[in-house]
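In order, the protein sequences belong to chains A, B, C and D.
Per this note's numbering, the very first residue in the first sequence carries number 1179; after that it's consecutive.
Per this note's numbering, the very first residue in the second sequence carries number 1179; after that it's consecutive.
Per this note's numbering, the very first residue in the third sequence carries number 1179; after that it's consecutive.
Per this note's numbering, the very first residue in the fourth sequence carries number 1179; after that it's consecutive.
There may be inaccurate statements among the hints.
The list treats identical chains as one, so a pair stands whether inside a single copy or across any two.
Said to hold, decoys possible - Calculated lysine-lysine pairs in the BS3-like style (CA-CA distance at most 30 Å, straight line): (1) LYS1539 with LYS1467; (2) LYS1383 with LYS1558; (3) LYS1467 with LYS1536; (4) LYS1522 with LYS1539; (5) LYS1527 with LYS1504.
Rather than coming from a laboratory, the hints here were simulated on the basis of the structure.
Bear in mind that the values here come from a model prediction, so they are computed numbers and not experimental data.
4 protein chains.
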Amino acid sequence: MTNDLQEIHEECGVFGVFGVANAASLSYYGLHALQHRGQEAAGIVCVDENGQFSRVKGEGLVTEVFNVKNLSTLSGSSAIAHVRYATAGGGGLDNVQPFLFHHHKGNFALCHNGNLVNSNEIKYYLEERGSIFQSTSDTELLAHLVRSSRMRGDNFHDDPVHPLLGPIRSALNMIEGAFAFLVLTPDALYVMRDKYGLRPLSLGKLNGGYVVSSETCALETIGADFIRDVEPGEVLVIDAEGLHSCKYSAFNHHYMCAMEYVYFARPDSDIEGINVHAYRKQSGRILYKESPVEADIVVGVPDSSLSAAMGYSEESGIPYEMGLIKNKYIGRTFIQPTQDLREKGVRMKLSAVRTIVKGKKVVMIDDSIVRGTTSRRIVKLLREAGATEVHVRIASPPYAHPCYYGVDTATYEELISSQLSVEELCMKIGADSLHFLSHKGLYESGNRCELCTACFSGNYPTSLYDNECKKC
Amino acid sequence: MTNDLQEIHEECGVFGVFGVANAASLSYYGLHALQHRGQEAAGIVCVDENGQFSRVKGEGLVTEVFNVKNLSTLSGSSAIAHVRYATAGGGGLDNVQPFLFHHHKGNFALCHNGNLVNSNEIKYYLEERGSIFQSTSDTELLAHLVRSSRMRGDNFHDDPVHPLLGPIRSALNMIEGAFAFLVLTPDALYVMRDKYGLRPLSLGKLNGGYVVSSETCALETIGADFIRDVEPGEVLVIDAEGLHSCKYSAFNHHYMCAMEYVYFARPDSDIEGINVHAYRKQSGRILYKESPVEADIVVGVPDSSLSAAMGYSEESGIPYEMGLIKNKYIGRTFIQPTQDLREKGVRMKLSAVRTIVKGKKVVMIDDSIVRGTTSRRIVKLLREAGATEVHVRIASPPYAHPCYYGVDTATYEELISSQLSVEELCMKIGADSLHFLSHKGLYESGNRCELCTACFSGNYPTSLYDNECKKC
Amino acid sequence: MTNDLQEIHEECGVFGVFGVANAASLSYYGLHALQHRGQEAAGIVCVDENGQFSRVKGEGLVTEVFNVKNLSTLSGSSAIAHVRYATAGGGGLDNVQPFLFHHHKGNFALCHNGNLVNSNEIKYYLEERGSIFQSTSDTELLAHLVRSSRMRGDNFHDDPVHPLLGPIRSALNMIEGAFAFLVLTPDALYVMRDKYGLRPLSLGKLNGGYVVSSETCALETIGADFIRDVEPGEVLVIDAEGLHSCKYSAFNHHYMCAMEYVYFARPDSDIEGINVHAYRKQSGRILYKESPVEADIVVGVPDSSLSAAMGYSEESGIPYEMGLIKNKYIGRTFIQPTQDLREKGVRMKLSAVRTIVKGKKVVMIDDSIVRGTTSRRIVKLLREAGATEVHVRIASPPYAHPCYYGVDTATYEELISSQLSVEELCMKIGADSLHFLSHKGLYESGNRCELCTACFSGNYPTSLYDNECKKC
Amino acid sequence: MTNDLQEIHEECGVFGVFGVANAASLSYYGLHALQHRGQEAAGIVCVDENGQFSRVKGEGLVTEVFNVKNLSTLSGSSAIAHVRYATAGGGGLDNVQPFLFHHHKGNFALCHNGNLVNSNEIKYYLEERGSIFQSTSDTELLAHLVRSSRMRGDNFHDDPVHPLLGPIRSALNMIEGAFAFLVLTPDALYVMRDKYGLRPLSLGKLNGGYVVSSETCALETIGADFIRDVEPGEVLVIDAEGLHSCKYSAFNHHYMCAMEYVYFARPDSDIEGINVHAYRKQSGRILYKESPVEADIVVGVPDSSLSAAMGYSEESGIPYEMGLIKNKYIGRTFIQPTQDLREKGVRMKLSAVRTIVKGKKVVMIDDSIVRGTTSRRIVKLLREAGATEVHVRIASPPYAHPCYYGVDTATYEELISSQLSVEELCMKIGADSLHFLSHKGLYESGNRCELCTACFSGNYPTSLYDNECKKC
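If we strip away everything but chain A, and leave its shape as in the complex, we get (with noise of 0.2 Å):
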């Protein structure tokens, strides 16, 4: 699934340092920590004692984007940055992040996680007023809606200790969508979190100062101690004196997007208190207690399916075997098999052991199913290296309805399971059988009580805007 997947969203990561020496070296390794979530692009903003702000930002992966050089023009002992999945928004480099805004009352630099719904509005009501815009980045739009704050008549009161702080709530009670936002000036980092909890965010302490992130193995792989998440609706404020909290927003849920648990998150990550692995691997159990076969052995697909797969196997007693092993160097400049190869046998990413999967009974778990291709090739191998039966167990329910939170070009039609019942698709992908884990399984191998399941249900925690109409 994961090639389905990773076609259609688009994740990021955030990353930020208060008050730390050596704030731009600990962001790379943050960044590192933080590279699944994003491998189109890369950067990091400093500001030093001074006031001056430098950044290094790029395009490919962190180890291509940083190097020795660059990264020692960045000095302070605070930072911001990102990295960034898809080229969404196209624009290339204008659409790399951290941005980094001049203004005489103060510069400032702004990185984001998540997808606003309705950014379009936003965008017209902006530039009926003057705005002009260099990116298509929802980034962009924040900063704008910051500085115009004062044109506005809300209630919210300038703080003159935190003097954004105000435009940051009047800001983000105009945004609708799900998000983590960190923005950087000289005195002061602003982190906040959307009002539904959409998106992890979590704070972490080291060397007497703070550092935020997007996933928990960011602060582990920094030695930094995690201290709590930052809360739906929260905008905390990180100065020289600590730690300030305020809510932007009286909503407040906890409707975290069940896919990071499912797929996108690092095993190793803690999200609101849950292990991911822990939750993907009691999905696994829950998985065979709903669906139930009897096979030779249990395969994963690599690498979000492991754990799972793992679970799958303990429950029910069948062995786990690595049937499919992943290629794990491949990157941006790994060159693609012409069409001719691939057609005469040339498998990259993926291939079956057949030594393992000759003659057995297999059953292969994956993550999710999103356009459906990717199982239908993964079955094809494990038959060709000799399986005798395929049957296959998602650790989520069916993949229906379009995302607006993450990237929002996906349509009813890319998903094949809003357009087939299991039984059309366990045909089309050539299983011999096929089951999903129910929604009730959803929340369950969390221990949840409140998810985002708008993927698999179609329940939208927001308005969806402009993209209503979609919905029919």
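Fit chains B, C and D to the known structure of chain A by using the hints.
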């Protein structure tokens, strides 16, 4: 002198194409011909028949920024392009032009050669009205002024066919300084030159379309036919219907920057009808008449002073010799010699030819003296190579006043001619005699009655705004 | 252990194609599948139907060395290719294989996996006869031995059809050690494996031509059908007529390097008929039987120990958990943390998952211990993450003797198991208990009666020449 | 002519340092000054006080091959360095000099400017004795000849202090052609020039050590004092004791390549006591005396013909004008215009200055004509720019015979002057008149009694071996 001036001055080159196939390739060759005007960064924006903009920009020479791959991503028959001299404004890539702006009423791109004198005032005006800036470039200011024009109550009415014409004329009336601006929309190329005529801009015709360029050498390079210069204060709109011309101001002079003739422009360019090489050669002839000397050979400082040196040689009958050699492969990737190596005699850029100057009385011709350090170094080089006398003749008057139409960082302290008399300067650079071209000679070299000679005379054609106080 | 072994061992991968269209592209994908065997350098040499050789080689990963442009310069239907582990021999690019030799009797290319034990003797012999060397590689030695064969009075007569066959057999009889050699001429691909069978080499069939590879995973990747392993002591000539096989020596054993099963090879490869993952899983099962322990979870050190850990888990019934995470994006362009940052807690490559190991008794499975420093670090990581007990089980016997068939720089001093008893080592790495797989278990895991276990037992299958004295 | 000659000729530049701190940096600046002799590849080998060799080499300009990082890996006070013109011999990086050889009796490095005429014979001789070659360069031949010298029964006895001196003298006696060779060992720098004196090589002194260079301009650049030229047939050994000189042959002439004066060398270099600019200027004066013309302006083809044009102008009194401009930023990364664009008028490299040549009778001075295509193009450029007459004067005799001392691929067919009479050629290039400098003028320009004028006269100073038959 070359090096001195390089350090304090910022010149740029602009190039535009409308309605000619392969606009991107033509821009590449055009920028190449303008490379001497800016070696720090380059960029091209194209727009195709569907209104899609594409852009490539980067730091470095034209041959470093563009390659077959990225050039092939630029499609369409219209383009604007830019080479930039120095990193004035800092900010690296963010300041590299052309800029590209997204707007629901239509995207547009913009680039610019010159310098505004009231940019601080304009920036403050715009930020107070909600604008925020991602660069420190004058070009971004113009974009904001254009987009905010409706909020100003001026008398520039909308032109339904060229919707940007009114806003552009409104914006141009708010800025003061030297400029040649290009604005590209999907339908038209807007071309404008400041009302003082400080910066050159020429118009040509090619294969049924139009080309504009800071210098005519770029027209020649791509095989375009020169039509005429863009007039001071003119706003030229080029669209599918052809050329449309109007003025943004009734003020109208031809205060062409004298340094364009003396130093900036390529010798094969014609500026306002006068060939640059011919101008320089004539200035050398006048220089001899004004300050003759008995000597064995005439030596010009390469490359910009060679024409003047030839004129001096022909008028005087003293043979012109290649007594100084410039190493032409020096670029930004060149590793500068350490102080230690320089002291041990490693000489890059310029060397004197011992066999030629040994035992000779030398007239050394240079185009100008800014800080005096380069002249002193060259005189020393010539003496070390055995010259018995070194008489320095400068093909322009003493450079004694800062220029605010290039880079505004120059101060009186940096300009040696504002500190020392000609006699003192002669002693400082170690010459046997020193003479400068007269102001009269400057005008006569080109048979001109108007020129901007602010850097020589202190007579600035514009108000200076916040630079005013620096004059005292 | 991974890191320890990486530092002292040199493994390489060889790949060859004869008579298949797109030999260069196939080699690219083949090398990709062998990337785990060598990440420091890569090269491909092709020969076309006109006998023209072309080559691309460089330092770095396969995806770094090759691009569409340079790959397109390689044409022909035959190729040999190489990935190299470390910079053994130094000399940078000069040592990157394949080598290409020009000779008036015909050019030829050569590459090699393994290590000769009598290379110093051979080098002296050749230099005394006028040879000079541009690299420090064993591969260049073989080329000189082949070309000088006529000067030796041995009994290898010229084969008129395969003119290099006699010289190659003569040359192979002079060298001693572990090797898999490929020699490419315009007409034939010569494939040879040492008479001890120390290094793997497999033969496959594809589209009417042949493919050879250090591991079968590369055959699978390009869709080739496995035929058989190349035999110890075999010289295989592949030409337009098909396969021709002979032996260069009557000696014939299958002392396959045990570490290929334990650590080097990819789990989906089959070596001499035994799947590597299956071998490792079986070794984990035997390891449990030999040294059971009461614990809450089994954790494998990624990536090479995961199969053994699963075997241990299945045999013991103790759940297998993902308690250690390896950051997979680390490559050569990665900026290593400074000592200062490492001390402050920045952890790259491996991290322990606190939520999983906290409060647990952990069985940590690793494939081997070389210097002990990595094991000690991992035990510490687990304890810091809250493990209450850490029991270390190693899926191979103590590594106590230098290997001269990989890199000959290892010394007894570097091998912790030659210095300390198991009890002392247990204390040194800070484990609660430590057990190694028995020698018997090593053979049983693969049902093999022959293996090279020199690094465990000190029983070297070959003479050691000048390495002999190092034994004492 | 410039382009024509570039395509058929291979010149290189060598540079060496012995006993001066920062040998690598000095070599970098030295190569830089020799960059005009070879723009395709560059390399430096250093040796330090411990006998450790280090090397950096690559394809491209000096500024492209070297950077601060790789230059810092080169340590020691002795070095040899090389710039190479073309990819003669092919094979890419393998042919980039200097070469570095490993030998148990001592490593050594070697580089070379020139071309051997009996390389095929030598190669066969060596291969028959067991040598194999990794490049197609003459330089590798010399290394093998040196190392195999003991097997030859010649009378060059071993010098115990300079063990390579005997073998080098033996080797030099076997080769025939044009060369300047440098051999670097940990203890000494061996410097040798062919006995005909075909290629230049000069010796200088710097900070107690020595420097050698193909041209004196590199000595000047690094601040070294010129001592003398290396003599034809001389073998100079530079070691800690100072200079040791001997001859490898009793033959001794000064057949310096005339094209060094006419085209190759930098105008500020002195070759065998004659300044190149002065030579060229004098050739221009003689050219006028031999073939005067009535005209309005003299125009030289940049860059190599400017000195001759000035001489012609001074002798004739016809003003010298900058009627042709060369775009100096063109390098290997430049994207050549497509045929389509060239036909539409895109002109790179050279353009004519319309304002200067329009309505004028032009004398166009070029240094030579090889194929005639460039001359024809320039005449056309001048006419299109409005020249009423174009009289071509060439500052050397007709180039009618292949040179075997540069690149041996040139054939009579390629040389237009071996095919057409001067009158026919005049018509072909479209000039109003055409005259060449006489053979006598060639010698007189430098007051020389010996020169190699083989390309003009067909009198080759050496035997031609297998090139012999090409003469007919």
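Taking the hints in turn, this is what the structure says about them:
| no. | hint | in the structure |
| --- | --- | --- |
| 1 | LYS1539 with LYS1467 | both (19 Å within a copy, 28 Å between copies) |
| 2 | LYS1383 with LYS1558 | between (49 Å within a copy, 21 Å between copies) |
| 3 | LYS1467 with LYS1536 | both (26 Å within a copy, 27 Å between copies) |
| 4 | LYS1522 with LYS1539 | within (27 Å within a copy, 50 Å between copies) |
| 5 | LYS1527 with LYS1504 | both (5 Å within a copy, 19 Å between copies) |
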